[in-house]
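Listed here are the chains, written in short residue letters.
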Amino acid sequence: MSQETAQHIRQKYGLEETTLMDRVRENWIGYLFIVPTFVMFTILFYYPIVRGVFLTFTNTRLGEAGSFVGLENYSWLLTNDLFHFAFGWTLAFVFGTTLLQLVIGLVAALLLSELRSRWRDWTSAIIMSPYFSAPLAGGVIWMWFLNSDFGMLPMIISDFLGVQAPSFLADGIWPYVSLIVAQSWHDYGYAGIIYAAAIVGIPREQYEAAALAGAGRLRRFRDVTLPHLVTPTIIILALRTAWNVAEFAQPFELTGGGPGTRTMLMSILTYETAYVNLQFSRAYTLGMAMILVSMTAAIFYVTVIKDEEELYV
Amino acid sequence: MARVEFDNITKVFEDTSGPIIAVEELSLDIPDGEFVVFVGPSGCGKSTTLRMLAGLESITDGELRLNGEPVNNVSPRDRDIAMVFQSYALYPHKTVRGNMGYGLSLSTDLNDEEVDRRVVEAAEMMGIEDLLDKKPGSLSGGQQQRVATGRAIVREPAVFLFDEPLSNLDAQLRKHMRTELSRIHSELGITTIYVTHDQEEAMTMADRIVILNDGQLQQVGSPKEVYYRPANTFVADFIGSPSMNFFDVDLEVASDGTGTLVGNGFTYSVSDSLVDLVGGEGEYILSVRPENLNVDPSAPDERSFEATVDVVEVIGSDNFIYLDVAGKECRLRAPSEVEPEEGDVITVSFDEADLHLFDRNTEEALIHGHERAESSPKMIESEA
Ligand SMILES: Nc1ncnc2c1ncn2[C@@H]1O[C@H](COP(=O)(O)OP(=O)(O)OP(=O)(O)O)[C@@H](O)[C@H]1O
Ligand SMILES: [Mg+2]
Numbered sequence: 000m001s002q003e004t005a006q007h008i009r010q011k012y013g014l015e016e017t018t019l020m021d022r023v024r025e026n027w028i029g030y031l032f033i034v035p036t037f038v039m040f041t042i043l044f045y046y047p048i049v050r051g052v053f054l055t056f057t058n059t060r061l062g063e064a065g066s067f068v069g070l071e072n073y074s075w076l077l078t079n080d081l082f083h084f085a086f087g088w089t090l091a092f093v094f095g096t097t098l099l100q101l102v103i104g105l106v107a108a109l110l111l112s113e114l115r116s117r118w119r120d121w122t123s124a125i126i127m128s129p130y131f132s133a134p135l136a137g138g139v140i141w142m143w144f145l146n147s148d149f150g151m152l153p154m155i156i157s158d159f160l161g162v163q164a165p166s167f168l169a170d171g172i173w174p175y176v177s178l179i180v181a182q183s184w185h186d187y188g189y190a191g192i193i194y195a196a197a198i199v200g201i202p203r204e205q206y207e208a209a210a211l212a213g214a215g216r217l218r219r220f221r222d223v224t225l226p227h228l229v230t231p232t233i234i235i236l237a238l239r240t241a242w243n244v245a246e247f248a249q250p251f252e253l254t255g256g257g258p259g260t261r262t263m264l265m266s267i268l269t270y271e272t273a274y275v276n277l278q279f280s281r282a283y284t285l286g287m288a289m290i291l292v293s294m295t296a297a298i299f300y301v302t303v304i305k306d307e308e309e310l311y312v
Numbered sequence: 000m001a002r003v004e005f006d007n008i009t010k011v012f013e014d015t016s017g018p019i020i021a022v023e024e025l026s027l028d029i030p031d032g033e034f035v036v037f038v039g040p041s042g043c044g045k046s047t048t049l050r051m052l053a054g055l056e057s058i059t060d061g062e063l064r065l066n067g068e069p070v071n072n073v074s075p076r077d078r079d080i081a082m083v084f085q086s087y088a089l090y091p092h093k094t095v096r097g098n099m100g101y102g103l104s105l106s107t108d109l110n111d112e113e114v115d116r117r118v119v120e121a122a123e124m125m126g127i128e129d130l131l132d133k134k135p136g137s138l139s140g141g142q143q144q145r146v147a148t149g150r151a152i153v154r155e156p157a158v159f160l161f162d163e164p165l166s167n168l169d170a171q172l173r174k175h176m177r178t179e180l181s182r183i184h185s186e187l188g189i190t191t192i193y194v195t196h197d198q199e200e201a202m203t204m205a206d207r208i209v210i211l212n213d214g215q216l217q218q219v220g221s222p223k224e225v226y227y228r229p230a231n232t233f234v235a236d237f238i239g240s241p242s243m244n245f246f247d248v249d250l251e252v253a254s255d256g257t258g259t260l261v262g263n264g265f266t267y268s269v270s271d272s273l274v275d276l277v278g279g280e281g282e283y284i285l286s287v288r289p290e291n292l293n294v295d296p297s298a299p300d301e302r303s304f305e306a307t308v309d310v311v312e313v314i315g316s317d318n319f320i321y322l323d324v325a326g327k328e329c330r331l332r333a334p335s336e337v338e339p340e341e342g343d344v345i346t347v348s349f350d351e352a353d354l355h356l357f358d359r360n361t362e363e364a365l366i367h368g369h370e371r372a373e374s375s376p377k378m379i380e381s382e383a
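Chains Y and V, in that order, give the protein sequences.
Numbering that gives the first Met the number 0 numbers the first residue of the first sequence as 0 and each following residue consecutively.
Numbering that gives the first Met the number 0 numbers the first residue of the second sequence as 0 and each following residue consecutively.
Hints are computed from structural coordinates only; laboratory data are not their basis.
Beta carbons: idealized from backbone N, C-alpha and C, even for Gly.
Don't take every hint at face value.
To be verified - A few chain V residues that don't get close to chain Y, going by computed Cβ distances all over 10 angstroms:
| no. | residue |
| --- | --- |
| 1 | GLU23 |
| 2 | GLU68 |
| 3 | ARG76 |
| 4 | ARG78 |
| 5 | PRO91 |
| 6 | GLU112 |
| 7 | ASN293 |
| 8 | TYR321 |
What the hints assert, rightly or not - Keeping only pairs whose Cα atoms sit at most 27 angstroms apart, straight-line, the calculated BS3-like set for lysine-lysine is:
| no. | chain 1 | residue 1 | chain 2 | residue 2 |
| --- | --- | --- | --- | --- |
| 9 | V | LYS133 | Y | LYS305 |
| 10 | V | LYS93 | Y | LYS305 |
| 11 | V | LYS93 | V | LYS133 |
| 12 | V | LYS93 | V | LYS134 |
| 13 | V | LYS174 | V | LYS223 |
| 14 | Y | LYS305 | V | LYS134 |
| 15 | V | LYS174 | V | LYS133 |
| 16 | V | LYS134 | V | LYS174 |
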């Protein structure tokens, strides 16, 4: 609306332009209600973030105030070999786990949708249960499963196949595989729940119309089910990517970044920098790098969602 | 093109609360090219019957034949049937063109150009050629309805099924689509089964109307037949608006052979020939259509009754007058110049030729005016 017509309308109905004070006066009860939340968020959330960004330009250590050092932490980060490795391995870890979670979650949701509704509730509770278990408990389970000395899997392999199992948490490529598989196991339920809800929401008539049109089971899956899963997939990807970048508890418990530093994830590296080396400012700088990864992914997904919206118009 | 035969078809659903009979021993022969409309109250089994024909629901008992071939166990894709759903069931991610062409490219080996030509042809028939590259989400309800219908006609199937296709549209659009669908049927001549709640839709579109209640067939016949010769009180009550008036009456026969129908609050003399037709004294249900009742102060006493006016509804062309006859509601449809005051007592009469008598126990029709009703609804079916 142009300035002129706005003026015109106000004049016609005797309205006055509202100022900020007018609005506060009018809605003061509403503002009163959000003040506590706003204060808490500022103290617990916004302040630490701003403070954290500020810290990355100092050489603060745990327990000692530091002084301003400019971009030193960032140049340390960019020239650090361990950081380069952790960055690459984190990307691979996030890519692998997110993809596996997506696929396993989809398969679980599809199987559930085929069940009679009488069985569905219980079965889905059982199938999705890893997601609701504490990550530390998940770590214990996988440790008990994979450990070379007392783990179940190495035992089964040596007893039944008669060959010595590789050390799943130490040898060659195995620790990488183990971490990705264990993490996927813990979180596929998230994708499963969202996919299951999306599948339940697909109108039955669309399947029936496709069946009458001559589509077999696979065709119906491709032409009716899959298109309805595009939006849920993007949502799952966006959220799971962010979570998987920050994933810490289970990998830390299983390998702790080792043997040596061979499975060092950025999250574990951040922890060690902060609490083992006590270099808080550097840990915060690492945190910035993790945020950067999540943000890049988020921006990418948001762009895709925008295109996706055009799918229906 | 196909003839459809339902032979003693029964459908029982197993529910958690026990078995539900949705359709019971339905027999119906629909010749090639006919437009049949199923009507009946909610839950009477119309959709279930349609879905069994489409192959979307299994058949519990009986045989279903298409062109003489049993198809009970043929999969939906091999029946060559197209269905228009109440919800339209358009694929939201496909364009109108994609929606319409989907079945053609799957079930025929036409090349893309040929498919597109037929899609455009069908779109022109439905008047949606401008919408071909839009997605269903950006179309209005009426446009989506056209796309759904277009998607069905483009395949030129053996049978069309419509399950309440117009119920989501406003009254005016519904009337328009009604004529359009009738036109398409006469152009293509494809056997069509159409389900509706709306008896006006049924009357205007059907070659034959099938009336169901509680999963059981009540009557099959042309619109005129079910209107003028309802097989039982259910059909009489269901067809026509406002619905028919019913009175419990006793027939008393005088020595000269004429009779008197005695009801609560009125008596009505009938001729000896009518007494003969109905078969003498007994308990009956008398019914007369609201449009056959007249407000006539000069009517002879023995052929009229007095009634108090409750409500007068002005609908323009006519007035609906709701009367109170000894505590029972009676509906009368009068020309618009007849407009009595509420509370007035008026004299109501009707022609003997317009009355219907039903057996009070079986509720089957006995006579319609001066003609004997067929003894069972099955006979009307085989005659048609
Ligand atoms: N899948 C099902 N499971 C159990 N009962 C069902 C199922 N489908 C239909 N029924 C029952 O079968 C009966 C007939 O249902 P149907 O849908 O054929 O009615 P309808 O005549 O189409 O009604 P409406 O006019 O409301 O669409 C109803 O009593 C309904 O509850
Ligand atoms: Mg129905």
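Structure-based check of each hint:
no.: 1; hint: GLU23; verdict: holds (24 angstroms)
no.: 2; hint: GLU68; verdict: holds (18 angstroms)
no.: 3; hint: ARG76; verdict: violated (4 angstroms)
no.: 4; hint: ARG78; verdict: violated (8 angstroms)
no.: 5; hint: PRO91; verdict: violated (5 angstroms)
no.: 6; hint: GLU112; verdict: holds (20 angstroms)
no.: 7; hint: ASN293; verdict: holds (49 angstroms)
no.: 8; hint: TYR321; verdict: holds (41 angstroms)
no.: 9; hint: LYS133(V) / LYS305(Y); verdict: holds (18 angstroms)
no.: 10; hint: LYS93(V) / LYS305(Y); verdict: holds (18 angstroms)
no.: 11; hint: LYS93(V) / LYS133(V); verdict: holds (9 angstroms)
no.: 12; hint: LYS93(V) / LYS134(V); verdict: holds (6 angstroms)
no.: 13; hint: LYS174(V) / LYS223(V); verdict: holds (20 angstroms)
no.: 14; hint: LYS305(Y) / LYS134(V); verdict: holds (16 angstroms)
no.: 15; hint: LYS174(V) / LYS133(V); verdict: holds (25 angstroms)
no.: 16; hint: LYS134(V) / LYS174(V); verdict: holds (26 angstroms)
Consistency note: the structure conflicts with the earlier hints numbered 3, 4, 5.
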